[in-house]
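Taken in sequence, the protein lines are chains A and B. Residues in the first sequence are numbered from 282 upward in steps of one, following my numbering. Residues in the second sequence are numbered from 2 upward in steps of one, following my numbering.
Just so you know, these hints were derived from the structure itself, not from any lab. Idealized CB from N, CA, C, for every residue including glycine. Some hints could be false.
Stated by the list, open to error - Sample of chain B residues at the chain A side, in silico, Cβ under 8 Å:
1. E10
2. D12
3. A15
4. L16
5. R20
6. P62
7. G63
8. A93
9. S109
10. T113
11. K114
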Amino acid sequence: MPDTIRIRSKFYSNDIVVTRQDSANATVSLTPSKPDEDSTYKLKQDVEEGVANAGMNVLFLVAISIPLVRSVGRFINSKERLPYWDKLYSRFWILGIGYYLGMIILGLQRTKADDFYVLLVLGLLIAVLALVRDYRPARTLLLGLVPLAVTKGSELLLHAISPATLDFYHEGFSSAQGFSVLWLIVFAFVARSHKRQAEAERLEREAAALEKRRIEAQNAILEQMVTERTTSLTRQTEELRETLEELRITQDQLIQSEKMASLGELTAGIAHEIQNPLNFVTNFADVSGELLDELEEEQQRPTRDLALETELLHNLRQNLTKITHHGHRAASIVRGMLEHSRASTGERLPTDLNLLADEYLRLAYHGLRAKNKSFNATLHTDFAPDLPLVEAVGPDVGRVLLNLFTNAFYAVQKRREQLPAQPDYVPTVSVRTRALPEGGVEIRVHDNGTGIPEAVRQKIFQPFFTTKPAGEGTGLGLSLSYDIITKGHNGTLSLETEEGQGTEFIIELPS
Amino acid sequence: MNILVVDDELDVRALFEQRFRREIRGGQLRFAFAHSGEEALDYLHQHASELVLILSDINMPGMSGLELLGRIRQEYPAPPPPAPPRVMMLTAYADETSRQQALELGASDFLTKPVDFAALKQKLLQLAAQDDNAYENENSGS
Numbered sequence: 282m283p284d285t286i287r288i289r290s291k292f293y294s295n296d297i298v299v300t301r302q303d304s305a306n307a308t309v310s311l312t313p314s315k316p317d318e319d320s321t322y323k324l325k326q327d328v329e330e331g332v333a334n335a336g337m338n339v340l341f342l343v344a345i346s347i348p349l350v351r352s353v354g355r356f357i358n359s360k361e362r363l364p365y366w367d368k369l370y371s372r373f374w375i376l377g378i379g380y381y382l383g384m385i386i387l388g389l390q391r392t393k394a395d396d397f398y399v400l401l402v403l404g405l406l407i408a409v410l411a412l413v414r415d416y417r418p419a420r421t422l423l424l425g426l427v428p429l430a431v432t433k434g435s436e437l438l439l440h441a442i443s444p445a446t447l448d449f450y451h452e453g454f455s456s457a458q459g460f461s462v463l464w465l466i467v468f469a470f471v472a473r474s475h476k477r478q479a480e481a482e483r484l485e486r487e488a489a490a491l492e493k494r495r496i497e498a499q500n501a502i503l504e505q506m507v508t509e510r511t512t513s514l515t516r517q518t519e520e521l522r523e524t525l526e527e528l529r530i531t532q533d534q535l536i537q538s539e540k541m542a543s544l545g546e547l548t549a550g551i552a553h554e555i556q557n558p559l560n561f562v563t564n565f566a567d568v569s570g571e572l573l574d575e576l577e578e579e580q581q582r583p584t585r586d587l588a589l590e591t592e593l594l595h596n597l598r599q600n601l602t603k604i605t606h607h608g609h610r611a612a613s614i615v616r617g618m619l620e621h622s623r624a625s626t627g628e629r630l631p632t633d634l635n636l637l638a639d640e641y642l643r644l645a646y647h648g649l650r651a652k653n654k655s656f657n658a659t660l661h662t663d664f665a666p667d668l669p670l671v672e673a674v675g676p677d678v679g680r681v682l683l684n685l686f687t688n689a690f691y692a693v694q695k696r697r698e699q700l701p702a703q704p705d706y707v708p709t710v711s712v713r714t715r716a717l718p719e720g721g722v723e724i725r726v727h728d729n730g731t732g733i734p735e736a737v738r739q740k741i742f743q744p745f746f747t748t749k750p751a752g753e754g755t756g757l758g759l760s761l762s763y764d765i766i767t768k769g770h771n772g773t774l775s776l777e778t779e780e781g782q783g784t785e786f787i788i789e790l791p792s
Numbered sequence: 002m003n004i005l006v007v008d009d010e011l012d013v014r015a016l017f018e019q020r021f022r023r024e025i026r027g028g029q030l031r032f033a034f035a036h037s038g039e040e041a042l043d044y045l046h047q048h049a050s051e052l053v054l055i056l057s058d059i060n061m062p063g064m065s066g067l068e069l070l071g072r073i074r075q076e077y078p079a080p081p082p083p084a085p086p087r088v089m090m091l092t093a094y095a096d097e098t099s100r101q102q103a104l105e106l107g108a109s110d111f112l113t114k115p116v117d118f119a120a121l122k123q124k125l126l127q128l129a130a131q132d133d134n135a136y137e138n139e140n141s142g143s
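Here chain B stands alone, though its shape is the one from the complex:
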């Protein structure tokens, strides 16, 4: 499963690569990184079909995570396939308004910083399993 992590903090990359080193090594999860909303959109345009999940910070200079979410939902409306990427929001400001706003904009999940990596890993693996099943189903169907 391909995941795009969007955060203006550069060290997020090293952290994710280490936290999910086994999953990366095992080929279950593949990570790409973008440092701003704009960069994320660029990446999305190039890898639209491969991307399954976007994990985005909300507070970023320039385009915020919520704006990014809005743009994605605008550009990639609901199914039919290719299925739009799920977007999970990550924020240090875990207030109800932001959560509400994010969910309204179509976020599939809302996580608070500091990230609970164990919980995140579980969610990701679960999604990856679903994704694999769907992929297999798709393949066997055709």
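Looking at chain A on its own, in the form it has when it is part of the complex:
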């Protein structure tokens, strides 16, 4: 049985491997260095060339590996990712050249020096990639390199331990290496695409971050603007509040001065009203003295007229009652005057509007009469006897009534002055109260004066509007009255008027 001789060129080098399989099925490497073989010379020559080629291979590999290692370094951006290791890594060429020179100097131009260099480079790359394994393209590349490194490593290992076994599985190793190289190429492409993807994502992220920063900057600007605006608004609000406060104070002062003005109008009326009860007080006190004198005289007489004495005593008692009554009357007028001038407490109490209307009608009338002696008017009152009490601020409603009465008297006086030729004209001011069927109370103040022209009617409740000559009216009377009735008492103040016929103001107050 003849031996089988197998001659095979290696996949990755120019070495020629010759193996012989004998009849016992044992494989024997025919190393070309054996001089006793027939083919020795030729083969030997090949082997020497092969050895020289190994040196050339290493040089070639070094030349290739330097840019390759560099490009991998660029690929994973080692400068940024591994700033410390990069300094060593970028000096890889020293290692490559050192390896080659070392190999020449040491004369290690054995067949496997080139393979060992390849493994070294692979190991280095794997180590570097493993350091940056968080970076996805690096991981992919790492995965691509591992099979090549494993086959290369195991081949070298096997070569060192048992070259025969290596030779036996040579074909398998060759194809495995072929596959791992293909694998590496595929993964290198995949890694490249991953890198592109990652790059795109990075750009996107950077753009997003940039946008975010831009928005944040914009937000900061906006926030600052808002803060400034808020500050200025707060300041404006503060200013407005102060102005409002000033206005309120001014309004209070105006109301107070309007009250004082109307008090001035009232003074004469009040004086007259106080004068009458005071006259009675002094007169009854005086006449009581006379009665006592008479009583004493009577008691001195020998024959006493008991009937007369009883009458005198009765009169005395009656006079005391009258003195008390008129004293109270004067006091209540003074009290009313004080209430009128005092700042309103705003307290709403059950109020008899009949009494209030009567009191202020008289005050208004006498006030006007004191100013104008020739003035006279018929006062007519029509008070509902069953008028319910109304929760009201007495002095405030009194002020409204005083104002309406004063205006009414003014209107009839004006008409009298305009029509002196009409002796039949009787200036009349009347006040009427009645309970409203739906609850609440109505007060109507009527005059048969000049009436109010249409143009004036619109403005009559506006502040500072007055038809009176300068200095005679503040123009606040009706506007304040309107506020008192509508805002202060939730009531209504309206008017019916006909030019040349008269005017009627109607107050409605809820019960």
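Got chain A sorted already, so can you dock chain B onto it with the hints?
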């Protein structure tokens, strides 16, 4: 002598009745009271011949004292008899214009409030004496 007192104050009646109680008791003066100008005119229409003197307040609601005076002078012009009643005005507003106006309208006197009752009494008694004399003269004449 019959006197009509016109005043819107009700207590004027009590005051006059006490102030002139002796004269009333003695029958020298007789008082009637009205609380407004209108009431006074009504009374006057009913007792025209008996009434000698009207004492009227000026300031009254409705018809004032001066209006009353005007009406009386209109309705009862100057003599011949029966002689129109004298009208005395009483007022708290004692200013010259009112006085002038009252006198022009034919008031026989113008008194200010508060009333000086002593002076008033003297005037009234004087008038009453004149009135009595006139009355007696009239009676004896016929």
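### Cut-off 8 Å, beta-carbon criterion: hint that R20 of chain B touches chain A
holds, 6 Å
### Query
Does the interface hint hold: is K114 of chain B within less than 8 Å of chain A, judged Cβ to Cβ?
holds, 6 Å
### Status of the A93 of chain B interface restraint (C-beta, 8 Å, chain A)
Result: holds, 6 Å to nearest chain A Cβ.
### Message
Restraint: E10 of chain B near chain A, CB-CB cut 8 Å. Satisfied or not?
### Response
holds, 6 Å
### Task
Identify whether the interface hint at S109 of chain B stands, where standing means a beta carbon of chain A within less than 8 Å of its own.
Given a least distance of 20 Å, the restraint on S109 of chain B is violated.
### Query
Does P62 of chain B pass the interface hint, meaning its C-beta sits closer than 8 Å to a C-beta of chain A?
With a minimum Cβ separation of about 4 Å from chain A (threshold 8 Å), the hint on P62 of chain B holds.
### Cut-off 8 Å, beta-carbon criterion: hint that T113 of chain B touches chain A
violated, 11 Å
### Evaluation of the interface hint that places L16 of chain B against chain A, nearest CB under 8 Å
Since the shortest Cβ distance to chain A is 5 Å, the answer is holds.
### Query
Are A15 of chain B and chain A close enough, Cβ to Cβ, to be under 8 Å, as the hint says?
holds, 7 Å
### Task
May I ask you to test the interface hint for G63 of chain B with respect to chain A, counting a Cβ-Cβ separation under 8 Å as satisfied?
At about 5 Å, which falls below the 8 Å cut-off, the nearest Cβ of chain A leaves the hint on G63 of chain B intact, so it holds.
### Message
Less than 8 Å between beta-carbons is the criterion; does D12 of chain B satisfy it with respect to chain A?
### Response
Where the cut-off is 8 Å and the nearest Cβ of chain A is about 6 Å from D12 of chain B, the hint holds.
The earlier numbered hints that this structure contradicts are 9 and 10.
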